[in-house]
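Protein chains: 4
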Amino acid sequence: MNAYDNPQAAQAVLENAKAAGLDPDRIIDQLKRLHIETPSWAYAEGGTRFGVFRQPGSAKTIEHKLADAAAVHCYTGITPTIAVHVLWDFPDGFDPALIEKAKKLGIQIGAVNPNVFQDQAYKYGSLANPKPEVRKKAIDHVRDSIKIATQTRSKFLSIWLADGTNYPGQDDIAQRRARLIDSLKEIYQAMPNDQVLLLEYKPFEPAFYQTDIADWGMSMTLCRKLGDRAKVLVDIGHHYQAQNIEQIVTWLIEEDMLGGFHFNDRRYADDDLTTASIDPYQVFRIFNEIVAAQQVRSRKFELAYMVDQSHNLKPKLEAMLQTVDTIHQLYAKALLVNRKALAKAQADQDIIAAEEILRDAWLTDTRPLVGLVRQQTGRAPDAIAAYRKSGYQQQVEKERANIKGGDTLG
Amino acid sequence: MNAYDNPQAAQAVLENAKAAGLDPDRIIDQLKRLHIETPSWAYAEGGTRFGVFRQPGSAKTIEHKLADAAAVHCYTGITPTIAVHVLWDFPDGFDPALIEKAKKLGIQIGAVNPNVFQDQAYKYGSLANPKPEVRKKAIDHVRDSIKIATQTRSKFLSIWLADGTNYPGQDDIAQRRARLIDSLKEIYQAMPNDQVLLLEYKPFEPAFYQTDIADWGMSMTLCRKLGDRAKVLVDIGHHYQAQNIEQIVTWLIEEDMLGGFHFNDRRYADDDLTTASIDPYQVFRIFNEIVAAQQVRSRKFELAYMVDQSHNLKPKLEAMLQTVDTIHQLYAKALLVNRKALAKAQADQDIIAAEEILRDAWLTDTRPLVGLVRQQTGRAPDAIAAYRKSGYQQQVEKERANIKGGDTLG
Amino acid sequence: MNAYDNPQAAQAVLENAKAAGLDPDRIIDQLKRLHIETPSWAYAEGGTRFGVFRQPGSAKTIEHKLADAAAVHCYTGITPTIAVHVLWDFPDGFDPALIEKAKKLGIQIGAVNPNVFQDQAYKYGSLANPKPEVRKKAIDHVRDSIKIATQTRSKFLSIWLADGTNYPGQDDIAQRRARLIDSLKEIYQAMPNDQVLLLEYKPFEPAFYQTDIADWGMSMTLCRKLGDRAKVLVDIGHHYQAQNIEQIVTWLIEEDMLGGFHFNDRRYADDDLTTASIDPYQVFRIFNEIVAAQQVRSRKFELAYMVDQSHNLKPKLEAMLQTVDTIHQLYAKALLVNRKALAKAQADQDIIAAEEILRDAWLTDTRPLVGLVRQQTGRAPDAIAAYRKSGYQQQVEKERANIKGGDTLG
Amino acid sequence: MNAYDNPQAAQAVLENAKAAGLDPDRIIDQLKRLHIETPSWAYAEGGTRFGVFRQPGSAKTIEHKLADAAAVHCYTGITPTIAVHVLWDFPDGFDPALIEKAKKLGIQIGAVNPNVFQDQAYKYGSLANPKPEVRKKAIDHVRDSIKIATQTRSKFLSIWLADGTNYPGQDDIAQRRARLIDSLKEIYQAMPNDQVLLLEYKPFEPAFYQTDIADWGMSMTLCRKLGDRAKVLVDIGHHYQAQNIEQIVTWLIEEDMLGGFHFNDRRYADDDLTTASIDPYQVFRIFNEIVAAQQVRSRKFELAYMVDQSHNLKPKLEAMLQTVDTIHQLYAKALLVNRKALAKAQADQDIIAAEEILRDAWLTDTRPLVGLVRQQTGRAPDAIAAYRKSGYQQQVEKERANIKGGDTLG
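Chains as they are written, first to last, in the numbering used here: chain A, 44 to 453; chain B, 44 to 453; chain C, 44 to 453; chain D, 44 to 453.
Calculated directly from the structure, the hints in this document are not laboratory data.
Hints may be right or wrong, so weigh each one.
Claimed, not checked - Label-pair ranges, simulated between beta-carbon atoms: (1) B/Q337 with A/D183: 45 to 53 Å; (2) C/E298 with B/D299: 53 to 61 Å; (3) A/Q337 with B/D138: 50 to 58 Å; (4) D/K268 with C/P235: 54 to 62 Å; (5) C/K441 with A/D68: 42 to 50 Å; (6) D/D183 with C/E298: 28 to 36 Å; (7) D/N45 with B/N236: 49 to 57 Å; (8) B/N236 with C/K441: 48 to 56 Å; (9) B/P175 with A/D68: 55 to 63 Å; (10) D/D391 with B/N45: 13 to 21 Å.
Claimed, not checked - Mimicking DSBU-like on lysine-lysine, the simulated pairs with C-alpha atoms at most 35 Å apart in a straight line are: (11) D/K383 with C/K180; (12) D/K447 with A/K447; (13) C/K387 with C/K146; (14) B/K144 with B/K174; (15) A/K383 with C/K432; (16) B/K432 with D/K61; (17) C/K174 with D/K228; (18) C/K166 with B/K103; (19) C/K387 with A/K432; (20) D/K144 with B/K441; (21) D/K166 with D/K61; (22) A/K75 with C/K61; (23) B/K75 with A/K198; (24) A/K166 with D/K103; (25) B/K441 with C/K174; (26) B/K144 with B/K441; (27) D/K61 with B/K75; (28) A/K180 with D/K441; (29) C/K166 with B/K166; (30) C/K75 with C/K166; (31) D/K144 with D/K180; (32) C/K166 with C/K147; (33) C/K343 with D/K383; (34) C/K166 with D/K268; (35) B/K180 with C/K61; (36) A/K228 with B/K343; (37) C/K174 with D/K144.
Remember, it's a predicted structure, so these values are computed and weren't measured experimentally.
We treat Cβ as the ideally placed atom computed from N, Cα and C, and that holds for glycine.
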């Protein structure tokens with residue numbers, strides 16, 4: 044029996060939830076309202092520094108990317124937006140007709156990502172570059188991105204910087220920081236009041252000795268210097284080994300500084316693997332903190348849940364469907380946690396009971412639940428299986444066979 | 044030839060410094076004014092969770108510890124203070140006569156360290172404990188520590204917490220954080236205006252799933268909620284592997300939030316090894332950032348340089364002499380950096396020249412320089428050799444042979 | 044509904060297994076024959092270097108430990124043996140009456156663990172110590188342990204060494220290695236033909252610069268020098284961060300050098316947490332490799348599955364029940380993998396299908412299955428719940444209240 | 044004063060060495076006979092997955108690379124060979140005339156590196172690929188490389204594989220291993236008796252879940268299955284964080300399985316930075332183990348010392364000069380260790396004395412010594428300074444300005 048296509052099992056899960064004092068209807072509703080943004084670049088070719096393994100049918104144009112993102116939304120129902128990358132998606136400038144094209148496909152353009160790391164000018168950095176003319180070039184590119192975001196009515200401007208140094212002494216760390224602050228202030232000033240700046244951190248790569256925004260503490264400190272609409276973006280793969288990401292998430296929520304996520308997974312470095320493919324429990328724990336903040340502490344915040352992965356081996360669309368399905372399930376598990384019982388066990392300092400309450404949700408098979416949600420919205424319960432049957436892949440392989448271009452990095 | 048006893052070589056180093064635009068007299072002066080605090084607990088027995096290897100002559104009483112710290116100061120000239128640990132040093136309360144005893148030995152009592160982790164009450168934490176009565180007990184102990192600091196005219200109250208959890212779900216991370224903030228505020232209120240609270244962070248151990256103050260970002264965020272006299276304490280061993288500590292130091296300086304250091308080294312976890320015994324270049328780079336902040340950006344700050352090590356195998360006093368000598372030398376190297384040439388190479392984006400300028404100081408043999416400084420203050424140039432000749436070790440082994448007690452952990 | 048007490052759900056799982064070409068009866072049989080050894084030291088007090096939080100009712104004598112191990116076996120049905128630690132369990136020599144006492148409790152004595160790290164003599168190592176007299180002392184202790192193992196008819200002599208150095212230069216690494224080889228050969232010679240030497244590796248702690256058996260490669264190389272009855276012991280917590288343990292397990296199986304496991308979990312260092320409490324997917328993947336070796340490649344091997352944890356906060360017996368339950372379930376998941384379909388997907392290079400087949404087993408809720416197995420052997424389906432109801436904890440707290448001793452380290 | 048141009052200081056160092064019982068003439072001789080191989084690909088464009096920053100004058104053809112390698116040898120005197128990369132250097136087949144061209148430039152072709160990772164065929168691996176036809180293609184390429192090595196009279200065939208998987212379940216780890224063994228055996232059979240196979244290991248990247256030769260234990264196990272002329276290649280950057288590389292080196296020497304090195308450095312992952320730019324003490328400790336094996340234990344072995352770096356920011360030739368100079372100095376330091384005194388301190392278990400003896404060599408400024416060696420062989424004492432004055436860079440920038448090609452990855 045297909046585990047997604049088991050409404051009876053789904054009902055059993057919901058009954059258990061009810062017995063735990065949770066509201067089944069609300070769980071279903073929240074599972075329908077989950078909103079994961081997929082990135083345009085995940086549909087195009089990408090790889091490692093050792094090479095790119097090309098896939099037939101990979102997206103070559105922004106139109107292809109929109110179509111692929113729409114296909115993922117079609118089967119999952121929770122990916123109504125696509126993040127865009129200004130340099131890769133609009134190399135010749137943004138064409139407003141794309142807004143309509145997306146709409147017709149049933150999706151919208153989401154977060155706008157400037158690229159200030161690929162041009163030769165950025166050899167020694169972009170917003171923190173010692174040369175004022177390079178900083179200006181980078182700021183100008185971000186200004187252009189802001190304009191595109193305004194046109195597309197995107198709420199989020201998402202900034203990741205490759206800035207940093209490779210060797211001790213290469214540049215003055217404090218001065219790089221000062222330049223970065225100035226550049227970010229200029230950018231923030233240029234943003235309209237309804238846009239949010241998401242600022243990513245990363246402790247390594249491609250700068251190897253020191254990256255200018257290395258951790259959440261640096262990102263938050265910078266955001267605080269800008270204003271209310273600057274928030275921290277947490278990329279799962281951008282941490283030190285053994286770092287407790289869910290604790291960082293909680294701190295950012297409590298400081299009202301969490302802006303969103305880039306979902307992916309990794310074993311060693313920033314491997315950009317499928318979310319939760321290596322450490323699924325971690326993603327569950329992150330969602331658990333978010334749900335706890337909402338349900339237990341009534342925190343109000345809006346998060347941009349975005350995927351940022353680079354599939355060099357897996358078929359790109361299937362990998363994205365698998366990703367979205369996995370995130371959907373892990374969120375479902377977090378919604379199933381018996382908050383009342385957990386609070387009691389914690390108050391009793393009954394560690395084992397508390398842990399088992401968390402694990403009761405974690406161990407629950409949520410495939411039937413996600414399948415039910417899909418069925419209720421007119422979709423097939425098993426997204427990957429349905430996609431495989433659809434013939435989409437074969438079709439785009441044919442259509443895109445002789446089209447060149449579309450290569451991206453990262 | 045003993046490398047420390049080479050005034051000619053020292054002069055050559057100073058001439059090179061002069062040629063680099065540095066002021067030799069100022070270098071000598073700064074090397075004399077360097078102030079490293081040694082910790083009372085490093086003179087007593089300590090070990091790992093697998094056991095303690097006892098050393099003849101180890102300090103059993105606070106008087107022994109004062110004597111040992113004074114001996115280290117006697118041979119190095121730069122350790123005029125001793126950090127104290129309230130629980131281990133004053134188990135029966137603080138005796139003000141100790142102030143005079145220290146003075147007679149030529150030293151002073153420095154940072155006061157409360158202990159809120161060893162008592163059975165602290166099983167589930169201290170300042171973040173779910174039970175108000177445990178939090179109160181911990182706060183009361185810290186209040187007592189503040190009183191001792193007032194009596195000893197210590198400037199620094201140094202707080203490290205073992206708080207955290209071992210398992211997902213064990214406690215609510217956000218509520219632990221809220222309790223911690225409240226407790227710290229109470230403590231801060233209790234401190235007189237001339238005391239500075241130093242707040243340490245540590246990402247692991249003895250809490251294994253999550254520590255309540257895991258990194259510099261959390262420590263700084265907490266300090267900011269307290270007031271101007273709360274600063275971050277950087278313990279070298281309390282970081283993730285591969286973390287760039289000197290960058291954190293620079294950020295803290297620029298945010299005016301750096302309070303001081305706990306010096307030690309490690310390979311894997313928080314190994315509490317001799318400073319710079321595993322990665323000497325790292326400590327040089329940290330001092331380089333501090334000196335750059337002072338010399339290039341004219342930043343004003345006062346730092347508590349403290350040693351925090353646990354020598355299970357090395358003879359404790361010799362290990363401390365070695366530590367202090369090493370720190371002295373690495374600071375000397377940082378003082379020898381040609382700042383003007385470095386700034387020029389950085390402006391030229393000449394990475395190799397910049398790195399080589401840093402390394403020119405790094406590669407300089409600074410033993411003659413440190414030896415010269417000692418000679419100028421009436422000391423033997425080679426501290427360890429002089430100590431070995433002195434017979435101090437043999438004497439204390441005899442004197443302390445039949446005295447029991449003094450065991451500490453950590 | 045209690046998830047363990049759901050025979051209908053268990054049947055559904057078994058039917059799915061059947062549909063996947065697996066034999067439901069064999070799965071049940073294997074789940075009954077799983078044999079996890081619990082360690083005597085997990086029932087006694089233990090903690091971190093920062094202190095021990097004492098628990099009422101913790102085992103003070105070897106008799107207590109036998110009773111506790113028997114209790115765990117009573118509720119789980121898969122822990123019929125207890126590993127013993129010569130120094131801690133038999134401080135006054137081994138009393139053969141214990142064999143009978145264990146038998147009466149329904150368990151047997153399992154692996155014998157010598158202790159050559161705690162005595163003051165071992166400051167600079169045991170089997171690799173530079174001093175021949177210390178090496179002799181250590182070898183003699185291991186010889187005594189072999190004799191005990193002979194008396195108890197234990198199959199396994201399990202050796203973990205704390206040997207290593209803290210500082211570069213402290214000792215000659217190659218000479219330490221040579222001494223270690225000689226000592227191990229002497230030990231191996233002393234073992235009767237029906238005993239197996241299990242040799243553990245650990246990359247850090249309590250030796251911090253270098254441990255003499257740092258990784259599986261070193262352990263295997265040493266075992267190869269000894270003979271067929273020397274095998275590698277894999278302790279989950281004794282690895283570098285990001286190391287792929289299941290691959291090591293596979294290599295050891297293929298080289299016929301895998302002897303067994305010490306189960307536990309950790310986030311940063313060797314934290315000795317409850318198995319799979321931090322990274323459950325990893326333990327599933329390890330079992331998956333073991334089951335694949337048996338089912339796909341028909342490898343024959345006997346493994347000593349042993350728990351090695353140190354619970355400083357969790358109640359010790361409940362923590363052990365939780366551990367055994369978790370291992371039982373993760374093993375069950377590995378037994379549910381559709382091997383035929385997996386092989387086909389792998390041959391087709393269909394990464395996503397292959398991963399999903401693995402995850403189909405992983406995502407299955409195996410609590411009903413484990414509950415069914417317990418019911419079929421006359422046990423309550425939910426081990427922890429049944430234990431909590433039993434009153435055992437209250438009883439031993441009373442009985443052991445005024446008994447002293449039994450402290451262990453590690 | 045230029046630190047390299049100080050013969051008096053060099054003499055002082057040699058006198059100290061003599062006083063320590065070392066032979067100054069032998070030290071000088073060993074410093075002259077040190078042989079570091081530079082890699083052809085370090086002179087061509089390379090970068091990270093985020094982009095390549097192009098450098099004027101970078102090598103576009105194999106002739107350029109030979110010229111650049113010869114220039115490095117001209118200024119350092121210790122790089123008489125150049126490692127070649129079959130795919131990148133001889134894309135149209137190997138032209139034997141290159142042997143003569145190299146000879147005229149004063150260098151020789153060294154280790155030959157096949158490339159079995161870049162072709163689209165290698166998406167799922169090369170020597171461990173599930174498809175026999177892909178394995179054959181890879182083996183055929185290596186056979187071609189062996190023929191080139193025969194023509195160039197290269198002693199070393201150096202193999203690094205990108206083989207591995209990205210996801211649990213993707214392929215059968217044990218079967219990959221079996222295929223790899225078969226492929227390597229075929230390759231080994233094809234090698235003439237005077238060639239040595241060097242087998243590299245790497246725990247991550249570009250395969251992210253599992254690499255087929257993850258660590259030294261796997262590489263050694265494979266080499267043992269091949270024969271005497273298969274040895275392990277240690278790449279400094281291919282280790283887990285905190286791993287003790289010098290211990291691995293010692294084990295490999297004692298097992299007679301060490302074949303050579305790829306020198307580079309890193310902070311987080313495989314960053315391919317300049318050797319010793321992040322952790323110089325580590326490289327000193329590695330050399331210390333090698334020198335100890337030769338001097339203390341009279342081990343005989345021949346090592347291939349090779350540089351493997353990828354400079355995306357630093358000027359490539361200067362970076363190589365800096366690298367070779369650094370390695371030269373760190374080797375010099377290892378030669379200066381007072382072996383007799385070290386052995387005595389170790390026998391006395393005087394940790395501090397032993398460590399200080401090691402550090403006495405480490406802290407010695409060896410620039411004068413290396414400068415002296417260069418002067419004695421008719422070179423300028425400061426290699427980088429002399430190169431900068433030579434005008435070579437300006438010349439090749441002009442000559443190579445309009446030549447296309449030469450891009451490499453990795």
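Right, here's what the structure says about each hint:
1. For the pair B/Q337 and A/D183, the beta carbons lie near 36 Å from each other, so the given range of 45 to 53 Å is not met.
2. Restraint check, C/E298 to B/D299: a C-beta distance of roughly 58 Å satisfies the suggested window 53 to 61 Å.
3. Restraint check, A/Q337 to B/D138: a C-beta distance of roughly 54 Å satisfies the suggested window 50 to 58 Å.
4. Taken as a hint, the range 54 to 62 Å is violated for the pair D/K268 and C/P235, whose Cβ atoms sit roughly 32 Å apart.
5. For C/K441 paired with A/D68, a C-beta distance near 49 Å keeps the hint of 42 to 50 Å intact.
6. Checked against the given bound of 28 to 36 Å, the beta carbons of D/D183 and C/E298, roughly 29 Å apart, stay inside it.
7. The hint said 49 to 57 Å for the Cβ distance between D/N45 and B/N236, and at roughly 53 Å that hint holds.
8. For the hinted restraint 48 to 56 Å between B/N236 and C/K441, the CB-CB distance of approximately 54 Å keeps it satisfied.
9. A C-beta distance of roughly 38 Å is found between B/P175 and A/D68, which places it outside the suggested range of 55 to 63 Å.
10. For D/D391 and B/N45, the Cβ-Cβ distance of about 20 Å falls inside the hinted range of 13 to 21 Å, so the restraint holds.
11. Proximity of D/K383 to C/K180 is assessed by CA-CA distance (about 29 Å); at most 35 Å being required, the pair is judged to hold.
12. For the given pair, D/K447 sits about 22 Å from A/K447 by alpha-carbon distance, which is consistent with the 35 Å threshold.
13. Among the hinted pairs, C/K387 with C/K146 is inconsistent with the structure: their alpha-carbon atoms are about 48 Å apart, more than 35 Å.
14. Taking the CA atoms of B/K144 and B/K174, the gap is near 40 Å; set against the 35 Å cutoff, the hint is violated.
15. In summary, the hint linking A/K383 to C/K432 is supported, as the alpha carbons are separated by about 22 Å, within the 35 Å threshold.
16. Restraint check: the Cα-Cα separation between B/K432 and D/K61 comes to about 25 Å, which is no more than 35 Å; the hinted pair holds.
17. Straight-line distance between C-alpha atoms of C/K174 and D/K228 comes to about 44 Å, which puts the hinted pair past the 35 Å bound.
18. For the hint linking C/K166 to B/K103, the alpha-carbon distance of about 20 Å falls within 35 Å, and the restraint holds.
19. Annotation: proposed proximity of C/K387 to A/K432 holds, straight-line Cα distance about 19 Å (limit 35 Å).
20. Under the criterion of a C-alpha separation no larger than 35 Å, the hint pairing D/K144 with B/K441 is inconsistent with the structure, at around 75 Å.
21. Between the alpha carbons of D/K166 and D/K61 the distance comes to roughly 57 Å, so the proposed pair goes past 35 Å and is violated.
22. Distance check on the hinted pair: A/K75 and C/K61 sit about 34 Å apart at the alpha-carbon level, within 35 Å; holds.
23. A distance of roughly 57 Å separates the Cα atoms of B/K75 and A/K198; the hinted pair therefore is violated under the 35 Å criterion.
24. Proposed proximity of A/K166 and D/K103 is supported: the alpha carbons are some 20 Å apart, at most 35 Å.
25. The straight-line distance between the Cα atoms of B/K441 and C/K174 is roughly 26 Å, inside the 35 Å bound, and the hint therefore holds.
26. For the given pair, B/K144 sits about 21 Å from B/K441 by alpha-carbon distance, which is consistent with the 35 Å threshold.
27. Proximity of D/K61 to B/K75 is assessed by CA-CA distance (about 34 Å); at most 35 Å being required, the pair is judged to hold.
28. As the CA atoms of A/K180 and D/K441 are separated by approximately 28 Å, the hinted pair is consistent with the 35 Å bound.
29. Restraint check for C/K166 and B/K166: satisfied, since their Cα atoms lie roughly 30 Å apart, inside the 35 Å limit.
30. In summary, the hint linking C/K75 to C/K166 is not supported, as the alpha carbons are separated by about 44 Å, beyond the 35 Å threshold.
31. A C-alpha spacing of about 30 Å is found between D/K144 and D/K180, which places the hinted pair at or below 35 Å, so the restraint holds.
32. Among the hinted pairs, C/K166 with C/K147 is inconsistent with the structure: their alpha-carbon atoms are about 40 Å apart, more than 35 Å.
33. Taken as a hint, the C/K343 and D/K383 pair is broken in the structure, with Cα atoms around 51 Å apart against an allowance of 35 Å.
34. With a CA separation close to 39 Å, the supplied pair C/K166 and D/K268 exceeds the 35 Å bound.
35. This hinted pair does not check out: B/K180 and C/K61 have alpha carbons roughly 60 Å apart, beyond 35 Å.
36. Of the pairs offered as hints, the one joining A/K228 and B/K343 holds, with about 26 Å between alpha carbons and a cut-off of 35 Å not exceeded.
37. Restraint check for C/K174 and D/K144: the C-alpha separation of about 58 Å exceeds 35 Å, so the hint is violated.
When the structure is compared with the earlier hints, violations turn up for hints 1, 4, 9, 13, 14, 17, 20, 21, 23, 30, 32, 33, 34, 35 and 37 and for no others.
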